[in-house]
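There are 2 protein chains.
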Amino acid sequence: MLRFVNHFSTKNIDPFTIEKGYEALRFEAQSGEVGYYDLPRASQPLVGEVEALRPAIDKKYNTIAVIGIGGSSLGIKAIERLLRPGTPNAKKIVYLENSDPISVSQVISQIDKPRTLFIVISKSGSTVETLSIFKRVIVAFDLKVEHSDQVMVISDEGSVLAQYADENGLRRFVIPSNVGGRFSVLSAVGIVPLTLAGFDTLEVLKGAEAFLERFWERKEDHLLQKAAYYVTNAQRFPMNVLFAYSDTFEEFGKWMVQLWGESLGKRNRRGERVGLTPIALIGSVDQHSFLQLIVQGPLNKTVTFMHIAESEESLMIPQLSLRYLEKSDFVNGHSFNELINAQCMATMKSVIESDVSVDDIEWKKIDEHSVGGMIIYYELLTSASGALLEINTYDQPGVELGKQILEGYFRE
Amino acid sequence: MLRFVNHFSTKNIDPFTIEKGYEALRFEAQSGEVGYYDLPRASQPLVGEVEALRPAIDKKYNTIAVIGIGGSSLGIKAIERLLRPGTPNAKKIVYLENSDPISVSQVISQIDKPRTLFIVISKSGSTVETLSIFKRVIVAFDLKVEHSDQVMVISDEGSVLAQYADENGLRRFVIPSNVGGRFSVLSAVGIVPLTLAGFDTLEVLKGAEAFLERFWERKEDHLLQKAAYYVTNAQRFPMNVLFAYSDTFEEFGKWMVQLWGESLGKRNRRGERVGLTPIALIGSVDQHSFLQLIVQGPLNKTVTFMHIAESEESLMIPQLSLRYLEKSDFVNGHSFNELINAQCMATMKSVIESDVSVDDIEWKKIDEHSVGGMIIYYELLTSASGALLEINTYDQPGVELGKQILEGYFRE
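These protein sequences, in sequence, are chains A and B. The opening residue of the first sequence carries number 1 in our numbering; numbering runs sequentially from there. The opening residue of the second sequence carries number 1001 in our numbering; numbering runs sequentially from there.
Calculated directly from the structure, the hints in this document are not laboratory data. Everything numeric in this text was worked out from a predicted model, so none of it was measured. Don't take every hint at face value.
As the list claims (entries may be wrong) - Quick partial rundown of chain A residues pointing at chain B, CB under 7 Å, derived from the structure:
1. 1
2. 90
3. 94
4. 124
5. 262
6. 267
7. 268
8. 290
9. 297
10. 311
11. 318
12. 328
13. 337
14. 350
15. 352
16. 392
We treat Cβ as the ideally placed atom computed from N, Cα and C, and that holds for glycine.
Chain A on its own, in the form it takes in the complex (with noise of 0.2 Å):
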């Protein structure tokens, strides 16, 4: 269960403004052109698929290699964060996605072979990184490709990647043309490694239906009221700060700052240049880091907070009164799910009383229903900015340029 509340004020947002966010995904959905509102169903049956080849993959492997970058990792991993304390039993996952020899090498003399199944991700396929990485396995592991069933591919339909993975018989998934990379994790990028792994990922999908439908139904408006405040406030609140008060959120801050950085930062359709900037911190380490500038600095920045009200963990601050530290005795005898939570709750009362614009969403606990909720709350606030600013939300048209300047680094 999610609770969502606004704490700025939405007195002054036209409800125009509303309306016109919702009838643009409605529009984009009915229509076809953009496909992510589709999947929460329609990748309902490809786990029903993926969970048939269960028995055979884990009798063999223990391990899951992604191979993949940006929108081909981001979100696996922000989920898999996100459940493996409830789902301990999960097969390890790792990560080969940057293209730092330190990490790459490091990760490779980690892997065991044998028991590692390597699912090689591109929705392009022809992800630089992601394909001079798999070259690396290939000669590290002296990898045997051809109709080997420890090689999968995840890719667009037609692409050289599933050419490539046709031509040499490997098991291939398709991400649907429609869906953008950073929108893709409940496509087959994130279905097909989770699920493999053992997390409960038709939950997940059926707790972003549920969320889906609820908002077609005008019944999660309040996101509609968000987006349409910081697009309305896009000059005065350039930065928009997720706080969220548990590490399993880390990489779930990750995904939202590719989701939100890359969909809004464009030149609109008069050439103007807009955007609005994410930045992810995690609670309470980061009150003692970051917090002084969102209390105290120039107010220029909105601010979500996030919370979860039960831990599966119940660890104790012990009675224990140590001389000299008696000051820190108040929080003795509660549990530090108790401690976190309350520090999230200062902190956002300190937050509001210093006129930030704040928004609170609490999680009652981390489960697969929630996280399908968020992931498409995020996708659908996403959308809904986009939108009002008038820019194309799925295009990522600024990376390219750096792109034929490295081809021509190594081609001179």
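Knowing the structure of chain A, use the given hints to seat chain B on it.
Chain B in isolation, oriented as in the chain A frame:
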């Protein structure tokens, strides 16, 4: 060796501003008001003291558990992560920092008590997260604290934690009172755990000392130009991005975020809210995430690129041409280090062409000397920016309110 190139135009910067920055730092250092300037030299004898303890420690312990948060952990993690690949035999360091019940119980469950040395770090001595976790550790491991050589304390002279340590006969190290938490990594805070773990902290200090000397000799004025540029353009560019090309910079980025954000987000002498927002990114991962926003979003950010010319790790991209995937063959036969550096250069070029203010920091390689230099570089940059913003760079009044509210919750 570090090489600094500012790609932004300095022609509009008042030379007087640069002199003002330099003189402010000179005054802070000479008056003794701000202590971190002394650390590169003053901490050198401490390394010897700690080295003298090592034979006894090495015999008993193979792991160091750092109990601390914010300024008491971020700097240690930053240096450890950067130097670990070149110092693979250093003792394992685990961090108990967040009051997140899942993390705390996970780290505690992995600790082998008889082989672990616990170091409790808190400048004020009363940090609630740190003391709560310390109590949990005492109970979980039935730790006999009195006169134990298994627990060390690092805190301000006279703090409650220092008094507790003395009463119990624990070995204790002091953070100079004129050194703030986020500026303390070159004090006992960083030196004690890193030296005990086996890192060459003397070289880190010497690297910092060498850079500092060159700065005082006016041989590193690029730093003052950058601070002057940032402050002069703070309204136009409220955000400062560090885009570092290696996963090993991840914790360095978090350390920088605390230093920059908490130091510069303040009310100035006229009560106005000032501040610059730090954002830490990792290349090439964030080329697939945040880059679009930098290149086509609003021109409200400066970007610092950081990269390593030579890597210890010579991992190669194989000369392997895979049918259908030939488009990525342009990097075949090159090293991953060449690839990630070329990605940095290409991205930097495309960002400069997008009219973003850029500077470039090149490390010849990651070594202790450069790590020390880079730490003092960011500290000086922060101090110079704070002086030009006319704020108190070294306090953090904004986080007090939240702490009071927190106590209120529990005392009710």
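- prompt: Which hints, by number, does the structure contradict?
  reply: 1, 2, 3, 4, 7, 15 and 16
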